[in-house]
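Chains A and B supply the protein sequences, listed in that same order.
Quick note on numbering: the first sequence equals residues 1 to 241 in my numbering.
Quick note on numbering: the second sequence equals residues 1 to 79 in my numbering.
Please note that the accuracy of each hint is not assured.
[To be verified] Which stretches of chain A does chain B cover? Using the computed rule of at least three CB atoms under 8 Å from a CB of chain B, they are: (1) 54 to 66; (2) 157 to 170.
[As the list claims (entries may be wrong)] Straight line, CA to CA, 20 Å or less: simulated DMTMM-like cross-link-like pairs of lysine to aspartate or glutamate: (3) 77(A) - 14(B); (4) 67(B) - 31(B); (5) 73(A) - 56(B); (6) 73(A) - 54(B); (7) 127(A) - 50(B); (8) 73(A) - 50(B); (9) 77(A) - 49(B); (10) 73(A) - 52(B); (11) 127(A) - 36(B); (12) 126(A) - 50(B); (13) 126(A) - 23(B); (14) 127(A) - 17(B); (15) 126(A) - 31(B); (16) 62(A) - 17(B); (17) 201(A) - 17(B); (18) 165(A) - 36(B); (19) 165(A) - 33(B); (20) 77(A) - 50(B); (21) 62(A) - 52(B); (22) 62(A) - 54(B); (23) 126(A) - 49(B); (24) 126(A) - 52(B); (25) 62(A) - 49(B); (26) 127(A) - 14(B); (27) 127(A) - 49(B); (28) 126(A) - 62(B); (29) 195(A) - 183(A); (30) 77(A) - 52(B); (31) 126(A) - 36(B).
By construction, these hints were calculated from the structure, which means they are not laboratory data.
Using N, Cα and C, we set each Cβ at its ideal position, and we do this for glycine too.
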Amino acid sequence: MLEGKVALVTGGTRGIGLATARALAEAGATVVLTGRDEAKAKEAAAAAGAASGLALDVTDAKAVSTLVRGVAKEHGKLDIVVANAGIMEDALLGMIREELVDTTLSTNVAGTLHTVQAAARAMMRKKTGAIVVLASIVGEHGSAGQTVYAASKAAVANIARSAAKELGRSGIRVNAVAPGVIDTDLTSGLTEDAKAENIGKTPLGRLGTPEDVANAIRFLVSDDASFITGQVLGIDGGLVL
Amino acid sequence: MAEIAGKLREVFVEALDLDGEVDVENLKYRDIEAWDSVGHMALVAAIEDEFDVEFDTDQVIDMSSFKVAVDMVTDLQSK
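Looking at chain B on its own, in the form it has when it is part of the complex:
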């Protein structure tokens, strides 16, 4: 879980172009301008590429925070 969270943090920083001020671990969808619906698509694509997983539409819509994303990736990788 910690390894996934660490890698996911890097993906969030890169995909959303975050600076060091952002509290990534507690970030939620639409908390910041970069994580809007378009940023969300870029983020989802980046996560899929990094972890070689595929989200269905409901999962994409439900990915409402960094913590939820960690849980989703962990769940998909355990299957």
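Just chain A, same shape as in the assembly:
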């Protein structure tokens, strides 16, 4: 499905990022994954069957640009970028610290933007490429206690919609996935009651898995999705918030 393609997955050391790196590698792509910690990135790359694992702080625009250029140069091209790196910290409206706003927006919004910018530049010359960014169901519908995170993910969805409009004529597709409640480290803080409540609201009757999201991303970056761009695809089992 992805034989001969070169892919980059940011935030690939765990959860959805790791599952995505593995799914793309299993589909035949040469995958480079990144994480903030180099040792963990290398370990994750070995676990996922990726070609390499590199350290990257997506809030550093220069570092993102250098890494993306480096990957494209080493492998001769860059076909697929999954801008997955992100953070989630809950806080009720009256308890939101300025630092939380800064760190969440710089990682989730600016980090995604840096990655999409660098990816577009790397893909522009060949006039082909597929980018997927990680939005969230709470970015589409809101969620109590997640005002900052929801705002950041709404921004991410609109990075996809806007970039798709700019880059379409250059043959570059940009889509977003909006996961519902996925069983990862980010949601490990949920109580059993909270998990049961979410499952109760989900028509498909379970939490999502990282593989559920990874499979959708693998489709979106493949040629099977060659006429799909600017979309935000819910991966949520029908969850209604």
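Dock chain B against the given chain A, drawing on the hints supplied.
Same frame as chain A, but now just chain B:
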């Protein structure tokens, strides 16, 4: 400088798909349809590849003409 300008001229012609009518040496951003914001990204990527240099975001935005591009590449290559 002349060698850089010559190579850069070739990059402009290829990246922006220019024909022989265009006065490349005096070209400015948005002078022609091909050099819009999307064309600019392709041009910057082509220059980076050709000269093995890397522009930061401010430089990308400030690259407003062929002459400015020559100065930028010359400056980066001297470092």
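How the hints compare with the structure:
1. Only residues whose C-beta sits within less than 8 Å of a C-beta in chain B count toward coverage, and the stretch 54 to 66 of chain A has 4 of them, enough to reach three; the restraint holds.
2. Coverage of the stretch 157 to 170 of chain A by chain B holds in this model, with 4 residues showing a Cβ closer than 8 Å to a Cβ of that chain against a need of three.
3. A distance of roughly 18 Å separates the Cα atoms of residue 77(A) and residue 14(B); the hinted pair therefore holds under the 20 Å criterion.
4. Restraint check for residue 67(B) and residue 31(B): satisfied, since their Cα atoms lie roughly 14 Å apart, inside the 20 Å limit.
5. Proximity of residue 73(A) to residue 56(B) is assessed by CA-CA distance (about 18 Å); at most 20 Å being required, the pair is judged to hold.
6. For the given pair, residue 73(A) sits about 13 Å from residue 54(B) by alpha-carbon distance, which is consistent with the 20 Å threshold.
7. Between residue 127(A) and residue 50(B) the alpha-carbon distance is near 17 Å, which keeps this suggested pair within the 20 Å criterion.
8. A threshold of 20 Å between alpha carbons decides the hint, and for residue 73(A) with residue 50(B) the separation of about 12 Å falls inside it, so the pair holds.
9. Note on residue 77(A) and residue 49(B): the hinted pairing holds, with a Cα-Cα distance of about 12 Å set against a maximum of 20 Å.
10. Using a Cα cut-off of 20 Å, the hinted pair residue 73(A) and residue 52(B) holds, with the two alpha carbons roughly 10 Å apart.
11. Our distance criterion of 20 Å between C-alpha atoms is met by residue 127(A) and residue 36(B), whose separation comes to about 15 Å.
12. With a C-alpha separation of about 15 Å, the suggested pairing of residue 126(A) with residue 50(B) holds against the 20 Å cut-off.
13. Of the supplied pair hints, the one linking residue 126(A) and residue 23(B) is violated, its CA atoms being roughly 25 Å apart against a limit of 20 Å.
14. Proximity of residue 127(A) to residue 17(B) is assessed by CA-CA distance (about 13 Å); at most 20 Å being required, the pair is judged to hold.
15. Annotation: proposed proximity of residue 126(A) to residue 31(B) is violated, straight-line Cα distance about 24 Å (limit 20 Å).
16. Restraint check for residue 62(A) and residue 17(B): the C-alpha separation of about 29 Å exceeds 20 Å, so the hint is violated.
17. For the hint pairing residue 201(A) with residue 17(B), the CA-to-CA distance comes to about 54 Å; that exceeds 20 Å, so the pair is violated.
18. A threshold of 20 Å between alpha carbons decides the hint, and for residue 165(A) with residue 36(B) the separation of about 14 Å falls inside it, so the pair holds.
19. Pair hint residue 165(A) plus residue 33(B) holds up; C-alpha atoms about 17 Å apart against a cutoff of 20 Å.
20. For the hint linking residue 77(A) to residue 50(B), the alpha-carbon distance of about 15 Å falls within 20 Å, and the restraint holds.
21. At roughly 15 Å between alpha-carbon atoms, residue 62(A) and residue 52(B) fall within 20 Å of each other, so this suggested pair holds.
22. With a CA separation close to 9 Å, the supplied pair residue 62(A) and residue 54(B) stays within the 20 Å bound.
23. This hinted pair checks out: residue 126(A) and residue 49(B) have alpha carbons roughly 13 Å apart, not beyond 20 Å.
24. Of the supplied pair hints, the one linking residue 126(A) and residue 52(B) holds, its CA atoms being roughly 18 Å apart against a limit of 20 Å.
25. For the hint linking residue 62(A) to residue 49(B), the alpha-carbon distance of about 16 Å falls within 20 Å, and the restraint holds.
26. Distance check on the hinted pair: residue 127(A) and residue 14(B) sit about 14 Å apart at the alpha-carbon level, within 20 Å; holds.
27. For the suggested pair residue 127(A) and residue 49(B), the alpha carbons sit about 15 Å apart, so the restraint of at most 20 Å is met.
28. Between residue 126(A) and residue 62(B) the CA atoms are separated by roughly 24 Å; this puts the pair beyond 20 Å, and the hint is violated.
29. The suggested pairing of residue 195(A) with residue 183(A) holds, with an alpha-carbon distance near 9 Å, which does not exceed 20 Å.
30. About 15 Å separates the Cα atoms of residue 77(A) and residue 52(B), which keeps this hinted pair within 20 Å; it holds.
31. Between the alpha carbons of residue 126(A) and residue 36(B) the distance comes to roughly 17 Å, so the proposed pair stays at or under 20 Å and holds.
In this structure, the hints that do not hold are numbers 13, 15, 16, 17 and 28, in rising order.
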